[in-house]
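Novice: From first to last, the protein sequence lines stand for chains A and B. Its first residue numbered 68, the first sequence is counted upward by one per residue in my numbering. Its first residue numbered 68, the second sequence is counted upward by one per residue in my numbering.
Misleading hints may appear alongside valid ones.
One copy or any two copies: either way a pair holds, since identical chains are not told apart in the list.
To be verified - Simulated pairs of lysine-lysine, DSS-like, Cα-Cα distance not exceeding 30 Å: (1) K268 - K124; (2) K268 - K219; (3) K201 - K216; (4) K285 - K127; (5) K219 - K285; (6) K216 - K285; (7) K219 - K201; (8) K285 - K124; (9) K268 - K201; (10) K216 - K268; (11) K285 - K268; (12) K268 - K127.
Since the hints were made in silico from the structure, they are not lab data.
Chain by chain, the residues run as shown.
Protein chains: 2
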Amino acid sequence: MATGRTHRPATRSRGIPEATVARLPLYLRALTALSERSVPTVSSEELAAAAGVNSAKLRKDFSYLGSYGTRGVGYDVEYLVYQISRELGLTQDWPVVIVGIGNLGAALANYGGFASRGFRVAALIDADPAMAGKPVAGIPVQHTDDLEKIIKDNGVSIGVIATPAGAAQQVCDRLVAAGVTSILNFAPTVLSVPDGVDVRKVDLSIELQILAFHEQRKAGEEAEAVLEAEAAAAAAKETGKGPDGDVPAVMPA
Amino acid sequence: MATGRTHRPATRSRGIPEATVARLPLYLRALTALSERSVPTVSSEELAAAAGVNSAKLRKDFSYLGSYGTRGVGYDVEYLVYQISRELGLTQDWPVVIVGIGNLGAALANYGGFASRGFRVAALIDADPAMAGKPVAGIPVQHTDDLEKIIKDNGVSIGVIATPAGAAQQVCDRLVAAGVTSILNFAPTVLSVPDGVDVRKVDLSIELQILAFHEQRKAGEEAEAVLEAEAAAAAAKETGKGPDGDVPAVMPA
DNA sequence: CCATCTTTGTGCATGCATTCACAAAGACAT
DNA sequence: ATGTCTTTGTGAATGCATGCACAAAGATGG
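Take the sequences, apply the hints, and build the full model.
Specialist: This is the structure:
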C-alpha cells in the first residue's frame, strides 16, 4: 500500500464484505441485460433468480451500498446499474496490459467482454522478439524490454499475466516495480507480492481438479447406495421384512 | 444426483469442507514441485509457504484427510502426493470435452496442464461446420450434431463450455442430457442445471471488476490519507502542536 | 383517507472457515 | 533410557457469510 500500512485500522472504509464485492459484477451483468430490454424496475426476487443467488442475500448485498430500492416496487434498473458501476469503479477507464501473448494471451486480447466494461487493453507484451510488431486483436505486440516504459506511459495499474509458470514471478516483480498494483494471474504459480498489491488467480487445472473431486464423490456415493440397496435387499430376504423406505432406489450400473 | 436426493443426509460422507477441497490442488502442485526436486519430506510451515497459505490452515486441511504427518519431522512428500491425488480422484482418467473452439477453446485445448493431471481431452466440439475436421492441438474438431454420441462413446462426465454466452445454456442442456455431470463454464452466463450437476464458473470480466474495486478503494484511501495529512498539518499549524503520530506520512501526488 | 398488498431492509440465529495456542507424539542425541 | 527439541494434530475462540422471518415502508385501489 502506498502509505506503508497493510490494513489501515478500519478507518471509515465503508467495509463492503468481500463476498458481496464478488457478487456485484454478477448483479451488474443481470441488470445490464434487463436495461437492454428496457425493463424499468426489478424485484429482488427476479434479479436474484437472474443472477443465480437467493433474494435475501441479494437484498443484504444491496443494503451495503445504501437503500436504493422502493418497497412494494423493487429496484430501478438504470439507477442500480449506475450505482454498482460506480461502486466497482467502472465509471472510469482502466488501462490494462496483457503479458504473454501465447494461445491464452491472444484469446484474452480478443475477448470482447474485456473492453466492454471500463477496461481497455493498453498494450500486449511478449518476451519473444519474433512476436514484436505483430498485431494481435488489432494491437501490435511489444517486447518485454519496454515493459516499464509502457506501464508508466499509459498509467497502467492492472496487469494480466498469461506467461508460462516459469516466467510469471519475474514478470510480476517487474510489473509491480513499474507501478502495477493489481494483477490477474493465469499462470499456475503462487505469486508473491508486496503488501498493497492485489493478486487474483485463475487456474484451469485447479477448477478441473475440484470438479473431479465432486465427480468422484458422486460416483462413490452411487456405488455406496447400490451396496446399501443390495444389503437391504439381502436383509429383507433374510428376515422376510421389506426395506425401511429410506433407501433410495438405484439402477445398478 | 443420480439417486434423486439433493443432499443425502450426511450419510458417511467423510465431509471434507469445500474450502479445503479448493486448496488441495494448490498443495498438490507445491508437493509435485518438491517431488521433482526429490525432496523427501516437508514441514507444514515450508509447504504452506510454497502454497501461499498459513500453516495452521494447512495442517487442519490435512487433518481431514487423516494423519499423514510425523511429529517432529513433517510430511512425506511422495506419500502425500499420492493421498491427495487419490482424494481428488486424479488416480483415474477423466475424459473431457471442450465445446466452442474459438480463441479461448483453442487456448484451452493447447493448455498443457490440462493433460498433465488425469485429464484427457477426449474431443473438441464446435457449431461451425467450417471448423469440422480441422485439427486443433492435434485433435480434429467435431460438429455439435454429434455431441451426444461423442459424450456417450467416450464416457465423458466433465464438459468445458467455451462458447459465446448466447449458446452456453443450450450446450449445457445437451451436455447434461447426454450424461455430463460436471461443467466448467467460461461463458459469461449463469447456467441453470438440475440437481446433482456441478457447475464451476471462470469469468474474466468478473475477476477484473473485483480488481477494479480494490484498485479504486486503494486510490480513494490514498486521497483520503492525503487529505487527513493536510488537515493534520493545518491543525498543527493552527494549534502549534505536532501531529498525533497516528497519521501515516504520505507523499502528495 | 383508509385498507390492503407487495416488497424492501435488517435483526437474529446458525453454520462454516480461520486462526490461535498448546498438549501429545515422535525423532534424535547423549 | 532419559531428556530435549521439533512439529504435528486439534480443541476452543473468533469472525465472516448465509438464510430466515418479520416489521416498516410505500404503492395502489376503493
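Novice: Each hint: holds or not?
Specialist: Status of each hint after checking the structure:
{"no.": "1", "hint": "K268 - K124", "in the structure": "both (25 Å within a copy, 19 Å between copies)"}
{"no.": "2", "hint": "K268 - K219", "in the structure": "within (24 Å within a copy, 33 Å between copies)"}
{"no.": "3", "hint": "K201 - K216", "in the structure": "within (19 Å within a copy, 41 Å between copies)"}
{"no.": "4", "hint": "K285 - K127", "in the structure": "between (33 Å within a copy, 24 Å between copies)"}
{"no.": "5", "hint": "K219 - K285", "in the structure": "between (51 Å within a copy, 18 Å between copies)"}
{"no.": "6", "hint": "K216 - K285", "in the structure": "between (52 Å within a copy, 23 Å between copies)"}
{"no.": "7", "hint": "K219 - K201", "in the structure": "within (22 Å within a copy, 42 Å between copies)"}
{"no.": "8", "hint": "K285 - K124", "in the structure": "both (28 Å within a copy, 26 Å between copies)"}
{"no.": "9", "hint": "K268 - K201", "in the structure": "within (28 Å within a copy, 32 Å between copies)"}
{"no.": "10", "hint": "K216 - K268", "in the structure": "within (25 Å within a copy, 35 Å between copies)"}
{"no.": "11", "hint": "K285 - K268", "in the structure": "both (27 Å within a copy, 19 Å between copies)"}
{"no.": "12", "hint": "K268 - K127", "in the structure": "both (27 Å within a copy, 23 Å between copies)"}
Of the numbered hints listed earlier, not one is contradicted by the structure.
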